[in-house]
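Following the hints, position chains H, D and E with the ligands against chain L.
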Amino acid sequence: MSAQPAKRITDIGPPHYEKFLPPIIKKNYGKWLYHERIAPGVFVHVAESGDRVWTVRAGSPRLLSVQTLRQIAALADKYSGGHLRFTSRNNVEFLLDNPDNIEPLKRELQEMGFPVGGTNNAISNVVHTQGWVHCHSAATDASGIVKCVMDALYDHFTSESLPAKLRVALACCLNMCGAVHCSDIAILGVHRRPPKIHHDALRKMCEVPTLIASCPTGAIRPATVDGRQSVEVIEAQCMYCGNCYTVCPAMPLNNPDTDGLSIWVGGKVSNARTAPKFSKLAIPFLPNNPPRWPEVVDAVVNIVNVYAANARKYERMGEWIERIGWPRFFELTGIPFTRYHIDDFKHAGLTYARSTHIRM
Amino acid sequence: MSAQPAKRITDIGPPHYEKFLPPIIKKNYGKWLYHERIAPGVFVHVAESGDRVWTVRAGSPRLLSVQTLRQIAALADKYSGGHLRFTSRNNVEFLLDNPDNIEPLKRELQEMGFPVGGTNNAISNVVHTQGWVHCHSAATDASGIVKCVMDALYDHFTSESLPAKLRVALACCLNMCGAVHCSDIAILGVHRRPPKIHHDALRKMCEVPTLIASCPTGAIRPATVDGRQSVEVIEAQCMYCGNCYTVCPAMPLNNPDTDGLSIWVGGKVSNARTAPKFSKLAIPFLPNNPPRWPEVVDAVVNIVNVYAANARKYERMGEWIERIGWPRFFELTGIPFTRYHIDDFKHAGLTYARSTHIRM
Amino acid sequence: MAVAEKIDTPLLDELEKGPWPSFVTEIKKARQTSPMCDDLLGQLELSYREKIGHWKHGGIVGVLGYGGGVIGRYSDVPEKFPRVAHFHTMRINQPAGWFYTSDALRTLCDIWERHGSGLTNMHGSTGDIIFLGTRTEELEPCFQELTANGFDLGGSGSSMRTPSACVGPARCEWACYDTLKLCYDLTMTYQDELHRPPFPYKFKIKCAGCPNDCVASIARADLSIIGTWKDDIQQDDDAVAAYAAEGVNIQKDVVDRCPTRCMEWDGAKLTINNRECVRCMHCINVMPKALRPGKERGATILIGAKAPIVQGALLSSVLIPFVPEEELEETVKELINRVWEFWDEHGMNRERIGELIQRVGMANFLDAIGLEPVPEMVSAPRDNPYIFFRTDEEQA
Amino acid sequence: MAVAEKIDTPLLDELEKGPWPSFVTEIKKARQTSPMCDDLLGQLELSYREKIGHWKHGGIVGVLGYGGGVIGRYSDVPEKFPRVAHFHTMRINQPAGWFYTSDALRTLCDIWERHGSGLTNMHGSTGDIIFLGTRTEELEPCFQELTANGFDLGGSGSSMRTPSACVGPARCEWACYDTLKLCYDLTMTYQDELHRPPFPYKFKIKCAGCPNDCVASIARADLSIIGTWKDDIQQDDDAVAAYAAEGVNIQKDVVDRCPTRCMEWDGAKLTINNRECVRCMHCINVMPKALRPGKERGATILIGAKAPIVQGALLSSVLIPFVPEEELEETVKELINRVWEFWDEHGMNRERIGELIQRVGMANFLDAIGLEPVPEMVSAPRDNPYIFFRTDEEQA
Ligand code: SRM
Ligand code: SRM
Ligand code: SRM
Ligand code: SRM
Ligand code: SF4
Ligand code: SF4
Ligand code: SF4
Ligand code: SF4
Ligand code: SF4
Ligand code: SF4
Ligand code: SF4
Ligand code: SF4
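Chains as they are written, first to last, in the numbering used here: chain L, 1 to 360; chain H, 361 to 720; chain D, 721 to 1116; chain E, 1117 to 1512.
Any given hint could be a false lead.
Claimed, not checked - The list that follows gives simulated cross-link-like pairs (lysine-lysine, DSSO-like), each with its CA atoms no further than 30 angstroms apart:
| id | chain 1 | residue 1 | chain 2 | residue 2 |
| --- | --- | --- | --- | --- |
| 1 | E | Lys1133 | E | Lys1145 |
| 2 | E | Lys1385 | H | Lys673 |
| 3 | L | Lys78 | E | Lys1133 |
| 4 | E | Lys1411 | L | Lys26 |
| 5 | H | Lys386 | D | Lys950 |
| 6 | D | Lys1053 | D | Lys1015 |
| 7 | H | Lys673 | H | Lys706 |
| 8 | D | Lys950 | D | Lys972 |
| 9 | H | Lys673 | D | Lys972 |
| 10 | D | Lys737 | H | Lys438 |
| 11 | E | Lys1368 | E | Lys1411 |
| 12 | E | Lys1411 | L | Lys31 |
| 13 | E | Lys1172 | L | Lys196 |
No lab work stands behind these hints, which were simulated from the structure alone. Only a predicted model underlies this, so the values are computations on that prediction, with no experimental measurement involved.
Chain L extracted, bound-state conformation (with noise of 0.2 angstroms):
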């Protein structure tokens, strides 16, 4: 790497932990004894020193402005002493030293636009992704379909009345930065047809060996087009991955008549009771439809109703899902079972039914 110039700062890090901790906490650090609901969104910790820390969390569309960031600030200053944290699933956490501030606080906060809740057996924010708003590979935008789904999952969000935590994620693309894999519900844009060969750009901009090699399916070949060598790819093997658009622009999958979205379930990441679980697949395709994506609106608030309505208590989706079976599944949401939910990826013969264990 380059010298650096002589006063440059770089290398530092971020900002040490403790520093930004409230002193309630700094004072309790690791020395908590048990938490107890306050109510939806509220919840208080308590010490072996007998404090008490009261959190408040509210929903966020991540996407934030400074402006907004600055009003949350206002409100630490104002109820929290200057001190808020996010949360792994980007909502934000105000921790108060005094359980008057509580009310008035949840009230600003509503005031805002900002609701309370995600706690216990709540639907949490959606964890998600950049979609149109930032990515080149989205089959279809993120925050849109989140802000549709929240809104119709809202009072989920407001109150712990499911029968356990129920996590939806969403990824606009098969790379699943939104990590839709081990979720509740996951909704995955998908692209479904090959890539378009953009021949001029791809002799500028890519290495052949290296997009050959890229593609999982071996569906790229050499081929010589125009006189010129480029690549071509036999459609019918492949899978609309988009490793090779990963690793070469010139081979673009986006496509406005055929991308689209699909919505698995079942997924799960914590220790609680059973191991950590994949989300599998429930609807292999619905449409993009902007902006408010009705289709796949009505499809995640059937499954979290038809879940809502026969699991029983402390039992995840995916629990609940192999409690019933995946025939009773398909039977109660009405979501039709198709070839497309049959594996046939790398270990698909482990997926086929082993065994006469049929509900009849």
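Just chains H, D and E with the ligands now, kept in the frame of chain L:
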């Protein structure tokens, strides 16, 4: 196919089973109500008609001389109206319509050296293969080990005292004719060196492309040996599967110094309670030590004993291990866990422990 | 044949000790009528001494017009043991359910004494009667005597193998269809496929009357036909109470072991939520007098089991969740024909049907044989996003 | 910057309706200070109309001496929306546990208002602070202001990524080690790997204080460090009784949901067979006042999670079942060094560590990094017989 001589009889299939059914069976065919245990090796089936049929089951070495078969036939004449059957695990069953015949029949069987038992929660006969008695592919003998193991497990054949059924099987090479892949305890002959290549024979007897294609790991490559076309084996890629030998006699794997046995546990076939399961590796290697294979016998007896002492009622070997976890299985049996236990075949990644569920 | 000279087998003699019946004793018994057995003992003793087998890779031998049923076998030390220079095996279709009369058994013994070693396996692990060891020139005469007496050869090589069946309705209260009849019918229908290898590889069929699967069909058959039922378990409350009274711990041993936990026991009454029952048989197994399979019986058809060579072992997987008993034979035959057609067209050499299905994908296989996908075919839908969307239909 | 002219966004306006806070509103808010946001709205409206994104594949842009931390982004319709012709993202190391003071937040806002769109993600899904959208020439000045104020860039490309941690001991009673400290220490130790991509591909580390895994480390980190304990669950019987009195159904909701069924409840007393407990957290989750993780705390170290591209998604798998808290930092660092060395030597381009381990086999990987195999590393031993026996040792 070539024309047949005039009166030559072909394609007649087996005799119709009805010809061989005892009258009481014919009468109550498909109309059985329930059964009861009477004693190890003896049970009774009760029909809707009220009829009863008593079954007496005797263990057999499977490899039977016509002399012994005739003795068995004579017993059938004497006690079961000239009717008998064999079971799917190669035991002999006499079907009696008169319970007074049970004890005399048992006595005569025992005098002949044929133990009565194998029912219910006993260890039944060992499903096995040919070994050195008849197969070219064997890494070990079959009948000899079975004899030694059953000598040691004899009391488990003649009593019904285990937590559940325990099925033992043996196969003398990876072809696994003994279907050991789904047994509570499986004994499997293994080669541990790559095939030796007999180049002259190879040229005469084998098709090189077929041979190369037969190797699942791509370990076989064309090579010029003494100026003529043959093949070579990349030793590091060979997993001693013997598939090359099956298609080409000039590639034997048998090796008296390195052949031996491995022990597998926890498989099952029935759908009772849990789905059918594959057997998993317990002991990667034990030496071929004829005529009594003490290491193998000890290993099997140890596993049976630990299972018998620890499993719950109705818990098959694999169900028990799944309940207690594999680490505990290795701990309780004292079997060392090695690098060979970690799968490295096609679906290996799926056997890595992908949760924090750990007994400490 | 004359009784041969005594040979020394100190190692094998060790295997005549101990309580379990000895195969060495059997071989020695057969020496009475077959000198082949002397050389078999001699060669086996040599194997025991050297820790290596002494059989050569089999060649193609058989009977006229058949492509299977005989496993050729030659000694690699014929100079030492000339009487087992040839030692071929004949596989013979067993009667369904392995029922015999003593006469039939004796007939088999007589034939084999005349034409071979006098050693058998009752039975081979596919299910055939195994005649163990004879010379090439004895094969055809032995075969002719067999067919004259109503027996026929089984399969080997790339042929269908003799189907096998659990004892089923003959002696088992749980048989949900007639396993012996189906086994026999299939064996008779496919005589040609049994005797004249037409396939890329072997094809095995096994018929089990209920999910206990006493012929291990789900592990060892390319086509596994396993009895089951559709309606409710037949339940006799008094008999349940009697079991409880006799000391069966209904809560622990039955209810708590039900895989779907669909039963409840209040100390007096057992309630089964049959809609959740997966027909595993456990509760019925424990209390055969009190519980029985339902009355609407039939079978689940599964496909594709095999041993591990070379892509890894497979258990059969669900193809048709339920076929009523009365439609079973027709459905199975139609299915077999379609499956074989597909296998014939797409199977590679030595590729079992289960491997082929995995290679081409279950969905493509279903398309080809004309079955609709149903969720019962999978333990779970795919967890990877690599869907080959079809270009022709279903676009936006 | 001046407020730009109004542009028409009928489709996006639909997304300002409904109760959930709207990102469109946020973009509109940011227009107050950044005209980039007008063009962003314009281009996004176009995407909504045409159902296609309008960003080009990123190029390599960044700050001096760093190889990552910036995602280059260019509009494919710059003629229509010149103010988002460049729209690069800056990734910034978040403080461990995502704690801020209002001042720190405002500092970030001020910097970003000066140098970019004024739009952020709080946070990106790896955990970074995301500054969303600026021009190439703003990168270096923005960076210099950031470091001057104590912030630094995160990772991108084939670099280590900013580690992240659950709130842990800061506010959670279940933290079995100090997640924030470990996260911070690792971030600081590997500044070079974070900023100057040295690897075949990305490497993510996440620190979760207990098996609830509130940072999804087992699904989303190449190295997952998940707190756990070795001794018995701390149990307060009175508090258990109090939960029961309050209406918790201890049998159904706790005991029956324990994965190992290692608990018993006799209506008054809860007994845990701690030797069978797999530390799943469920019982503790349900009764936080009554049950707590043991006192002998530490972590399980797992390796290899990733999203599906292209060999299929992976969850991390157990590498070290238990490391005591006091040895954790040292063990993790030593392990990381050995893992990276191995990855460096054997990893192919764009091969994550989890994929590499699968490719070479866990046992070979363990050999290379010097760990003994233990059965806790696998869910079950192999079920196939294809063992690569070593030729050097262990023969007969
Ligand atoms: C704040 C946060 C950690 C952070 O550093 O930011 C957090 C905090 C707590 N989690 Fe969590 N979890 C947080 C993300 C997660 C995640 C990660 C994710 O969602 O991506 C998981 C894994 C989810 C999964 O399995 O898919 C997670 C799985 C749990 C569980 C296990 C639930 C289960 O039954 O599977 C518990 C236990 C419980 O809730 O009973 C838990 C419990 C808790 C407790 C009660 C722990 C405590 O004693 O303080 C905290 C309050 C939870 C609440 O919301 O009611 N936390 N928790 C995260 C809040 C995210 C949000 O804004 O909604
Ligand atoms: C005779 C035979 C069928 C045949 O056509 O030959 C048979 C007959 C019966 N079996 Fe079986 N099974 C027979 C092989 C099998 C096999 C196949 C095998 O071992 O290769 C299995 C699958 C084994 C496995 O899972 O690995 C088998 C799994 C069962 C089960 C399920 C046990 C379980 O809990 O997993 C039952 C139910 C029970 O025993 O409670 C059962 C029950 C029965 C019953 C009680 C059925 C009945 O009501 O008549 C029969 C008497 C069993 C006994 O031995 O006490 N039978 N049974 C086979 C006897 C073999 C032998 O000589 O030992
Ligand atoms: C005789 C028998 C073993 C026994 O002692 O019982 C047997 C013996 C042989 N089997 Fe087998 N198999 C026998 C049942 C099985 C079974 C069990 C079953 O059918 O239930 C299996 C596992 C199930 C399956 O089919 O997958 C079995 C899986 C194999 C395989 C591996 C096939 C595969 O696809 O994985 C081979 C290798 C091959 O076909 O090339 C094989 C090959 C052989 C050959 C022909 C050896 C060869 O490579 O050519 C053996 C001849 C031995 C000999 O000299 O007599 N044998 N073989 C069984 C047949 C007797 C009968 O007809 O009743
Ligand atoms: C910004 C962010 C999404 C978001 O909106 O939060 C993101 C955005 C991108 N990710 Fe990601 N990834 C982001 C977190 C993730 C995660 C989640 C995580 O880290 O917990 C994953 C799944 C976990 C994993 O690493 O496997 C993820 C898996 C990928 C992959 C697939 C990698 C794989 O091995 O499977 C790619 C493709 C690649 O690397 O070529 C990718 C590539 C990309 C690129 C750089 C697109 C590309 O092909 O070059 C995206 C840039 C979008 C843009 O224009 O801003 N991103 N990416 C996340 C990073 C923010 C941050 O630093 O905090
Ligand atoms: S999921 Fe795909 S489209 Fe969405 S941000 Fe990640 S790489 Fe971009
Ligand atoms: S999208 Fe994926 S499968 Fe299709 S050509 Fe590109 S890399 Fe290959
Ligand atoms: S298991 Fe192997 S050695 Fe034994 S009989 Fe079968 S093919 Fe021959
Ligand atoms: S034994 Fe198997 S792996 Fe080894 S060379 Fe032969 S076919 Fe290949
Ligand atoms: S499979 Fe079922 S029907 Fe057949 S013998 Fe076994 S228990 Fe009876
Ligand atoms: S058959 Fe099996 S699943 Fe059905 S009720 Fe009985 S134990 Fe439960
Ligand atoms: S992972 Fe465990 S320690 Fe960390 S916040 Fe979640 S519950 Fe608390
Ligand atoms: S932590 Fe989980 S495994 Fe352990 S006792 Fe509690 S519920 Fe059972």
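Hints versus structure:
no. : hint                   : in the structure
1   : Lys1133/E to Lys1145/E : holds, 15 angstroms
2   : Lys1385/E to Lys673/H  : holds, 26 angstroms
3   : Lys78/L to Lys1133/E   : holds, 29 angstroms
4   : Lys1411/E to Lys26/L   : holds, 21 angstroms
5   : Lys386/H to Lys950/D   : holds, 27 angstroms
6   : Lys1053/D to Lys1015/D : holds, 24 angstroms
7   : Lys673/H to Lys706/H   : violated, 35 angstroms
8   : Lys950/D to Lys972/D   : holds, 26 angstroms
9   : Lys673/H to Lys972/D   : holds, 9 angstroms
10  : Lys737/D to Lys438/H   : holds, 29 angstroms
11  : Lys1368/E to Lys1411/E : holds, 27 angstroms
12  : Lys1411/E to Lys31/L   : holds, 12 angstroms
13  : Lys1172/E to Lys196/L  : holds, 14 angstroms
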